[in-house]
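Trainee: These are the residues of each chain, in order.
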Amino acid sequence: MYSEKFQKSIALVEAARAKNIALEPARMTAQQKTDLLAEYHPDYKQDEFELLAIGPNKGDKVPKELAATLQAHSRICPNCVDLENPDYDVDVLVIGGGGAGSSAAIEAHEAGANVMIVTKLRIGDANTMMAEGGIQAADKPNDSPAIHFVDAFGGGHFAAKRELLQKLVCDAPEAIKWLSELGVEFDKTEDGTMVTTHGGGTSRKRMHAAKDYSGAEIMRTLRDEVLNRNIPVVDFTSAIELILDENGNAAGAVLLNMETKELLVAKAKTVIIATGGAGRMHYQGFPTSNHYGATADGLVLGYRAGAKLLYAETLQYHPTGAAYPEQIFGALVTEKVRSLGAKLVNVNGEVFMHPLETRDVSAASIIRECSTRGNGVETDQGLAVWLDTPMIEAIGGEGTIEKRIPAMMRMFGKYGIDIRKEPILVYPTLHYQNGGLDITPDGMTTNVKNLFVAGEAVGGIHGKNRLMGNSLLDIIVFGRIAGKSAGAVCKNVTVGKLTLDHVAKFEKEIADAGIVTDAVSPKLLPDYTRKVNG
Amino acid sequence: MANMVNIFLFGKKYEVPDNLTIMNAMEYAGYQLVRGCGCRNGFCGACATIYRIKGDKELKACLACQTKVEDNMYIATLPFFPLVKQVYDINKVPVTETVMMQLYPEIYACIGCNACTKACTQELNVMQYIAYAQRGDFEKCAEESFDCVMCGVCSSRCPAGISHPQVAMLARRINGKYLAPDCGHLNDRVREIKDGTFNELIEALMQKPIDEMKELYNTREIEK
Numbered sequence: 000m001y002s003e004k005f006q007k008s009i010a011l012v013e014a015a016r017a018k019n020i021a022l023e024p025a026r027m028t029a030q031q032k033t034d035l036l037a038e039y040h041p042d043y044k045q046d047e048f049e050l051l052a053i054g055p056n057k058g059d060k061v062p063k064e065l066a067a068t069l070q071a072h073s074r075i076c077p078n079c080v081d082l083e084n085p086d087y088d089v090d091v092l093v094i095g096g097g098g099a100g101s102s103a104a105i106e107a108h109e110a111g112a113n114v115m116i117v118t119k120l121r122i123g124d125a126n127t128m129m130a131e132g133g134i135q136a137a138d139k140p141n142d143s144p145a146i147h148f149v150d151a152f153g154g155g156h157f158a159a160k161r162e163l164l165q166k167l168v169c170d171a172p173e174a175i176k177w178l179s180e181l182g183v184e185f186d187k188t189e190d191g192t193m194v195t196t197h198g199g200g201t202s203r204k205r206m207h208a209a210k211d212y213s214g215a216e217i218m219r220t221l222r223d224e225v226l227n228r229n230i231p232v233v234d235f236t237s238a239i240e241l242i243l244d245e246n247g248n249a250a251g252a253v254l255l256n257m258e259t260k261e262l263l264v265a266k267a268k269t270v271i272i273a274t275g276g277a278g279r280m281h282y283q284g285f286p287t288s289n290h291y292g293a294t295a296d297g298l299v300l301g302y303r304a305g306a307k308l309l310y311a312e313t314l315q316y317h318p319t320g321a322a323y324p325e326q327i328f329g330a331l332v333t334e335k336v337r338s339l340g341a342k343l344v345n346v347n348g349e350v351f352m353h354p355l356e357t358r359d360v361s362a363a364s365i366i367r368e369c370s371t372r373g374n375g376v377e378t379d380q381g382l383a384v385w386l387d388t389p390m391i392e393a394i395g396g397e398g399t400i401e402k403r404i405p406a407m408m409r410m411f412g413k414y415g416i417d418i419r420k421e422p423i424l425v426y427p428t429l430h431y432q433n434g435g436l437d438i439t440p441d442g443m444t445t446n447v448k449n450l451f452v453a454g455e456a457v458g459g460i461h462g463k464n465r466l467m468g469n470s471l472l473d474i475i476v477f478g479r480i481a482g483k484s485a486g487a488v489c490k491n492v493t494v495g496k497l498t499l500d501h502v503a504k505f506e507k508e509i510a511d512a513g514i515v516t517d518a519v520s521p522k523l524l525p526d527y528t529r530k531v532n533g
Numbered sequence: 000m001a002n003m004v005n006i007f008l009f010g011k012k013y014e015v016p017d018n019l020t021i022m023n024a025m026e027y028a029g030y031q032l033v034r035g036c037g038c039r040n041g042f043c044g045a046c047a048t049i050y051r052i053k054g055d056k057e058l059k060a061c062l063a064c065q066t067k068v069e070d071n072m073y074i075a076t077l078p079f080f081p082l083v084k085q086v087y088d089i090n091k092v093p094v095t096e097t098v099m100m101q102l103y104p105e106i107y108a109c110i111g112c113n114a115c116t117k118a119c120t121q122e123l124n125v126m127q128y129i130a131y132a133q134r135g136d137f138e139k140c141a142e143e144s145f146d147c148v149m150c151g152v153c154s155s156r157c158p159a160g161i162s163h164p165q166v167a168m169l170a171r172r173i174n175g176k177y178l179a180p181d182c183g184h185l186n187d188r189v190r191e192i193k194d195g196t197f198n199e200l201i202e203a204l205m206q207k208p209i210d211e212m213k214e215l216y217n218t219r220e221i222e223k
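Sequence lines, in order, name chains C and A.
Each step along the first sequence adds one to the number in numbering that gives the first Met the number 0, with nothing skipped, and position 232 is 231.
Each step along the second sequence adds one to the number in numbering that gives the first Met the number 0, with nothing skipped, and position 45 is 44.
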């Protein structure tokens with residue numbers, strides 16, 4: 000139930016609903032999109048970025064908050080760590096227990112490697128768990144990997160590394176099959192046909208889902224499989240520096256017990272960074288849909304060890320973060336809500352855009368509606384637009400919402416809002432790190448040997464914007480690739496003497512560049528505590 | 000403006016605004032969370048919490064990130080609960096109730112108290128899905144348990160020592176792998192890709208100049 004102040008606008012939304020359902024809003028032209036993004040998308044706000052002063056991407060533009068964390072001090076004094084007596088010695092060290100890390104661990108194990116997962120929180124505390132809408136794969140007769148390629152390449156502003164995108168789209172059907180065979184329950188009709196929908200920017204209905212718990216269903220299945228294989232999972236332990244060997248190859252990591260603060264050393268023949276995204280960096284002050292540990296750790300680890308970043312200046316703001324009630328401010332409202340027919344409506348009850356433009360365009364369009372156009376709905380947290388969820392039941396029939404998006408119904412239901420009968424308020428929320436570490440198609444970084452990356456910590460798969468459903472896909476495809484590659488490579492690796500010289504060297508670069516900072520990184524967790532002592 | 004209420008975190012009193020979730024209230028009180036906090040969004044089950052309102056006999060359970068504080072709320076988080084997770088090979092499990100008898104025989108000791116259902120933070124009918132598991136009706140068990148976030152509160156209340164979320168996990172994997180209908184178009188596509196059916200098309204895209212890619216993208220046909 001909404002308070003009195005929203006009722007006037009809700010009445011307008013309701014009055015226009017039938018007309019708005021029938022309306023087929025025009026899609027924007029390429030030029031309109033370019034102009035809209037330049038004026039309203041947060042990635043284009045020049046004063047929110049700065050140039051890196053040190054490291055492999057010196058001179059490149061990244062968000063201010065990321066620059067501060069990339070150019071911060073190490074959490075350790077390099078000479079104080081005993082590298083001679085490692086606590087763990089494995090073939091493959093996977094850093095991160097989300098979908099990419101788990102997929103990688105399973106494949107490395109399958110390849111016969113001695114593999115271990117280390118994760119900052121618990122296995123499964125990851126953005127994968129929170130992915131709601133679905134996973135793309137071109138497996139319908141009217142679709143093909145080539146069409147998928149064009150959709151993703153265009154949606155990412157023609158910037159994706161094509162050899163990575165090729166892997167993504169061509170391995171997609173196999174990824175779905177692999178998940179099915181692990182027991183993931185995809186939505187299907189009685190004859191086994193996948194129930195698929197559109198996502199923003201797709202030209203075919205190729206979004207596979209497990210209700211709106213798609214990521215949770217995938218993640219819990221992968222976790223179960225990791226545990227069934229008895230792959231060691233060292234939880235509540237974060238990697239805080241990579242260890243190299245004397246030849247400059249990745250050879251392990253320094254670990255920190257998050258509770259006791261004990262330092263541990265893991266030696267490894269190969270290392271896979273699968274640390275996920277950066278929503279909890281709250282770039283430009285945005286709320287986020289990300290999990291608690293999404294603090295760009297992998298980018299920091301890789302960068303200090305000399306690995307290059309690609310497109311770190313591009314972030315994805317999901318157009319529909321919850322804007323009301325305040326308790327769920329910034330939480331994800333899945334794009335599937337729009338796939339099922341709900342349209343975006345302004346304070347006057349007017350549909351102001353096609354609901355399935357790509358995410359960057361949709362987010363920019365909502366920001367425009369709420370700023371210069373003055374058509375936003377005022378909430379205590381700021382401005383918002385309506386997402387008219389009752390349209391879904393009007394189009395798909397009664398019961399569609401409960402069957403297809405039960406998590407959304409529950410999330411709002413807890414605060415007395417019945418999304419079957421009432422529209423919801425949304426505003427863009429920080430959702431995804433498009434950029435990350437630069438890799439080759441076998442998952443290895445372009446310039447640090449035996450260092451692999453998978454999942455959201457990778458840059459270049461999607462270009463400068465990612466389509467819905469291509470992230471769940473990339474964690475599986477590139478998680479598996481990294482696991483297989485590392486599992487094969489480790490057989491021919493002899494690790495040289497371990498060193499943290501790169502950390503000392505980086506500290507010197509900080510000093511030489513005249514950077515004065517108290518900050519240490521990786522950040523590990525955001526600090527939301529009220530400062531009780533002022 | 001929010002009103003202030005008194006809450007008791009592990010018995011200790013704090014005054015917090017009444018519009019906060021339990022999780023935010025803990026942070027307002029000054030706790031830097033490490034355990035008991037994951038997705039902050041109702042999906043991961045990290046923040047299972049039990050509470051009692053002063054004067055009320057009933058012990059309630061919730062997710063701390065999804066529940067507002069109330070006045071005189073006595074709160075204890077349950078960041079970990081020792082569930083029993085049996086190890087099995089999904090490729091070799093029997094697809095009958097035998098598997099439950101082998102791996103989770105304690106489910107047959109359910110006394111029907113329904114404490115699990117009453118405690119569920121997702122309002123699932125937990126006892127019912129355990130009943131389906133007992134009978135080997137994995138499809139129904141999977142459906143009934145689908146929204147489970149595996150927080151473990153149900154198991155903390157169970158006099159029979161059942162690890163409900165793990166039972167349901169097994170049922171869902173069996174259902175997804177063996178009982179759900181096989182997908183013909185998926186199998187066809189995987190085979191076509193292996194046979195190289197799309198190689199030429201993809202290769203053409205790998206080489207195409209950006210301007211031509213733009214043209215291709217901007218004029219592509221979009222399925223209704």
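In case anyone wonders, no lab produced these hints; they're calculated from the structure.
A hint or two may mislead.
Using 30 Å as the maximum straight-line C-alpha spacing, the simulated DSSO-like pairs for lysine-lysine come out as follows [stated by the list, open to error]:
| # | chain 1 | residue 1 | chain 2 | residue 2 |
| --- | --- | --- | --- | --- |
| 1 | A | K207 | C | K139 |
| 2 | C | K166 | A | K207 |
| 3 | A | K213 | C | K166 |
| 4 | C | K139 | A | K139 |
| 5 | C | K420 | A | K117 |
| 6 | C | K176 | A | K59 |
| 7 | C | K504 | C | K63 |
| 8 | A | K193 | C | K176 |
| 9 | A | K139 | C | K187 |
| 10 | A | K193 | C | K490 |
| 11 | C | K413 | A | K59 |
| 12 | A | K67 | C | K4 |
| 13 | C | K402 | A | K84 |
| 14 | C | K18 | C | K204 |
| 15 | A | K56 | C | K187 |
| 16 | C | K166 | A | K139 |
Trainee: So which of the earlier hints does this model not fit?
Mentor: Going through the list in order, the structure violates hints 6, 15 and 16 and respects the others.
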